[in-house]
Structure formats: C-alpha cells, structure tokens
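Work out the full structure: start from the sequences and follow the hints.
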Amino acid sequence: MIIEKARVISNSEIKLGYYFLRLFSPKMAEVAEPGQFAMLRCSYNNTSDPLLRRPLSFHDASWKKGEISFLYQVKGKGTKELSRLVANGSADVMGPLGTGFRLPKVSPGKRQPIAIIGCGVGVAPLVFLASTAHNRGYEVRTFIGARSESSLLVDPILVAKSSVLSTATEDGSAGYHGNIVSLLRNKESLVAECGPAYVCGPEAAMAAVVSLCTELGIPCQVSLESIMACGVGACLGCTCNTTRSPNYTRVCTEGPVFDGEEVVFCD
Amino acid sequence: MTSPSLKINLAGLELESPILTGSGTFGYGLEYLPIIDADDLGALVVTGTTWEPRPGNPPPRIWETPSGILNAIGLENPGVNVFIQKKLPQIASYDLPIIVNVAGNTLDEYAQVIRELEKAPGIAAYELNISCPNVRQGGMAFGTDGHTAAAVTMAAKSVATRPIIVKLSPNVTDIAAIALAVEEAGADALSLVNTFLGMAIDIDKRRPVLGNQMGGLSGPAIRPIALRMVWQVSQAVTIPVIGMGGIDSWQAALEFIMAGATAIAVGTAFFINPYVAKEIRQGLLSYMEREHFTSIDQLVGIAWQ
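Chains as they are written, first to last, in my numbering: chain A, 77 to 343; chain G, 26 to 330.
You may find that some hints are simply not true.
What the hints assert, rightly or not - Derived coverage of chain G by chain A (criterion: at least 3 residues anywhere in the stretch with Cβ under 8 Å from a Cβ of chain A; other residues may be distant):
| hint | segment |
| --- | --- |
| 1 | 53 to 65 |
| 2 | 94 to 107 |
| 3 | 314 to 323 |
Hints in this document: simulated from the structure, not taken from any laboratory. Even for Gly, the Cβ is constructed at its ideal location relative to N, Cα and C.
What follows is the structure, given as structure tokens:
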C-alpha cells in the first residue's frame, strides 16, 4: 500500500455532477488492479471536516503514463471537497486497496466474451477492467444503464474497448427505453454467451442483474459500495452480509468485488 | 544537550513512547504495522476480546458526522482462543508491548477471558472495556455505575498477574466518582474516554442511520469534552491516566498530557492519517527541545499549576 501526495493532472466536470480526476502516481499506477480502490483525503489545511477519506475505485491506471484516474459523482460533503481539487495541486491518496475483479482462465486461441454491466456511476470501476480484459485478449461486451441521459456515463475507453456497447435509460432519454435488466433481457443472446458478467451500480440494480445471471447460468462478480472509515480492514466498519462466512465480511478487504451469488442483498 | 526523552512508566510498564493505539481502531495492528514505524508507538492496544466469538452489529456500522464518526461495530472479534492462537503470534513479531482490551457480558466472563490470556505469553497488560456503548449486555452498563465498575475491576484483579487498566465511559454524570471507585478496587491505570453515545437519522428513509440505531461518537468533535474529563479524573486519582478522544496531532496530544495524561491513545485519526503517530512523536520531541524539557513526565499535568 502506498500513501502519498499525488499531483493532480486534471479534475474536471464531465457531466453535471460527475467529475473525472487524474493523478500522477507512477507507483500506484504500476500495482493497481481493476476493481481495487484508493482512499482519498477530502479535508486539507488542518481541517477535520469532512473527517474521513472517501473510497473511490480506480477508473483506470496506466503504468506507462504513471497515471491513475477516478470517475466520481458529487453526492455529499466529501466528494464536494474532492471536486475542488485543481490541476497541479496535490491529492492525498492511499492505495491500492481491496480485492478486485478476477478474469477467467481461457483456453489459448479462444476470444472469451465477458459482459460489463454498469449503472450510473457504477460504470467507473468497470472501465479499468474493460481495458485490461481487452488488452489481454478477451472480448468485451458492455451494457450501461442509467435513470436518464444526464446520468448515463458512456466512457470513451469503454467505447474503444467494447465489441458491443448498448445503453439504456429508464426514462428513454437515450438508448434503449428501460432499466438495465430489461436491456439485458433484450440482448439476452449476447449476454448468455458471456462469462463472467461484471456488475456495478446501485444495490437494487445489482441484485436484479445477479438473479438474471443466475437464471442465464453465467457467473458474475459485483463491486460493492460501502461507507468506509479505514479502508484497510482495521475498523470493521464496512462489513456486509455474504454467504462466505457466518460472520460479516469486510467490503474493503475481502471485497469490494465479490461473486454475485455470495452477496446477501438487502431488500 | 541530549535529546529529550519520551519514555514513560505506565503502571509498571516501561514504555518507549507515550503514544498508544486506541482499542478497536487499530485492529490487531496487522493492517497498519507493516506500513508505519512501530518505534513511534509505546504499546499496542488491541481490539476488544470476548470469551466467545462475536459477529458484531448489522451494517451500516459507521456514519460520518461533523469532525467525527459514529460507530456501532459491536465488539466483532473471533473470541479469546482464536486471538491467542492466531492473532497474538503474528502481533508478537513487532516487538511492541501488547495491551489486550477485554470485554464481557458478565463479571465472570471478564475473569474467564483474563484467566485464558494469563496462560499466553507476550501480553503486557489488560484494558477492561466497561464502556462499549454498542452492546446490549455488559459494556457500558458496567462503566456507568461506580459499584459495578469496581466489581468488574476486582473480578479482573483477582485473576490477573498483569496490570489492569480500566477504560471509562464518558456517558456518566460524574466521571471522577467512577474513576475513584475503580482506583479503590485496585485498578493500575485508567483509559479515558471511550466513545460518546450518539445517533444520526436518515431523513429520506426516516430511520436511524446505523443498523444498531445508536453508536459511539469519536474524532475531533469529542476532544474538548474528553480533555475536560482527563483533567478532572487525573486530578482526582493517583494512578496514571491514558488520555484519548479525537487526538490527531502533537498539539492535541500535548493538551491531554498537560491536562494530566501520562500517555495518550490515537484512534480515529489513524483512519485518515496512518502516519499520525510519527507526526505526534516528532512534534512532541521538537516542542520539548524548543521549550527545554528533558522528559515528557515534566509536562504531565503541567496545566494544573
């Protein structure tokens, strides 16, 4: 794990309320894996409010450029402060943390299709996965959902790395008119060939996608979001219910990526 | 001039630094010790240990408040036997004195856990948790009444050969009275404070935020109240006090020491800044050099005069 003050390359609002933060951090870029996250400090100049760091999954990491990036939505005090970071300033970042996505073993010569399924800002951790998978020879099929066009994040890396890219909005303002599950049902033959599916989004959407994957008989991995205090496994604050253990499981350490079927989603 | 000394004697323990870890915030040290310098710490206070394994409270367990955190972890731990067999040998490799925080539902459970820990090597002292606000039985219930606080202390003393530190709850009207009762019952030192009972409500869901409804408040938000309690207690008792409550800098640490704390513990601040112990240690040393103090002892309770 690395803790450092990284130079901000840029931090720009790419869509109303959604920001894209790029940091120069060669050490972290070299070791970060898709699905892992970093804890970013939100209070500077000796203030203690907001107190905690915020966990953000890596949107991408390039060891060649020595760059890590994050795509985040301004939701509260912490992300509001993050949105104020300016180019050439510094960001206090700790990572990489957690257990990320696992790609399947493939037989040589076979171009295994995987499904990338993201809703809203849940697209963020899937971008790094899609580019890594594409570079390692997997075929990436991407399905993105959102409430409306204003929260639909069609990342340029996803566009570049995906052989299939379908979008849906619940209000029909862009792409297929419907939620993520109805989009996946509509494209069922494309989804059913994939293995695994990688899912990130609001909990209700993830739960619905996990049941669909079970129905289609394809394995899936989900990236969970949780409020975190330490991010390293010490405080036991971010636990979730899984079938992995009779006890609670730490999202920050055993996760944030879990097998879909082992997560016990709340209603 | 030789460099000033941060060495302290805490209830017979010779510690290299007055900076300890707050139980529950540092796990078993296994997450942080690989990345920080163990020499900055005087001792490791490990997470609350009970007789049986405890699953802890349902999530959500933490919530950020202005300059603070509410937590309702609920003493999640693998139980004393797993602690001794699996965790203790791993922590021992860091060569730091280990203080084990002990919790229980009954007087007997405290004694039972300590009896088991007595068989294990490499433990420096016990810290009795009579102040956890997040468990139904035991915990804070033992720490909010002088008689029961004294009874737990006596039960622990009767089976322990190692020093007993009692961690007090701030959720009382007169903390000095509890401190005196515990001192009289034989406590070797006091830790204060544990977290303040608090809560938050999600106005969209119209429900308490935490799975346990209420939780313990920590962080800089509680610092002035914790400091006042250390000030009151350390003047009322003769045993040493470990001060804690929102310490996140050498200046804050010094306030607690000047208020009468022999040692201080850092908790919540580790989450934000894992290097905080080093910054505090260096800050204390620079201050002492600048102000011509040779030993940290000279600063303990200096604000009383």
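We went through each hint and held it up to the structure:
1. Judged by the Cβ-Cβ criterion of 8 Å, the segment 53 to 65 of chain G is covered by chain A as claimed, because 3 of its residues qualify and three suffice.
2. Here's how the segment 94 to 107 of chain G fares: 4 of its residues keep a CB closer than 8 Å to some CB of chain A, so the rule of at least three is met and the hint holds.
3. Check on the segment 314 to 323 of chain G: 0 of its residues sit with their Cβ under 8 Å from a Cβ of chain A, so the three-residue criterion for coverage is violated.
Hint check: a violation occurs at hint 3 only; the rest are consistent with the structure.
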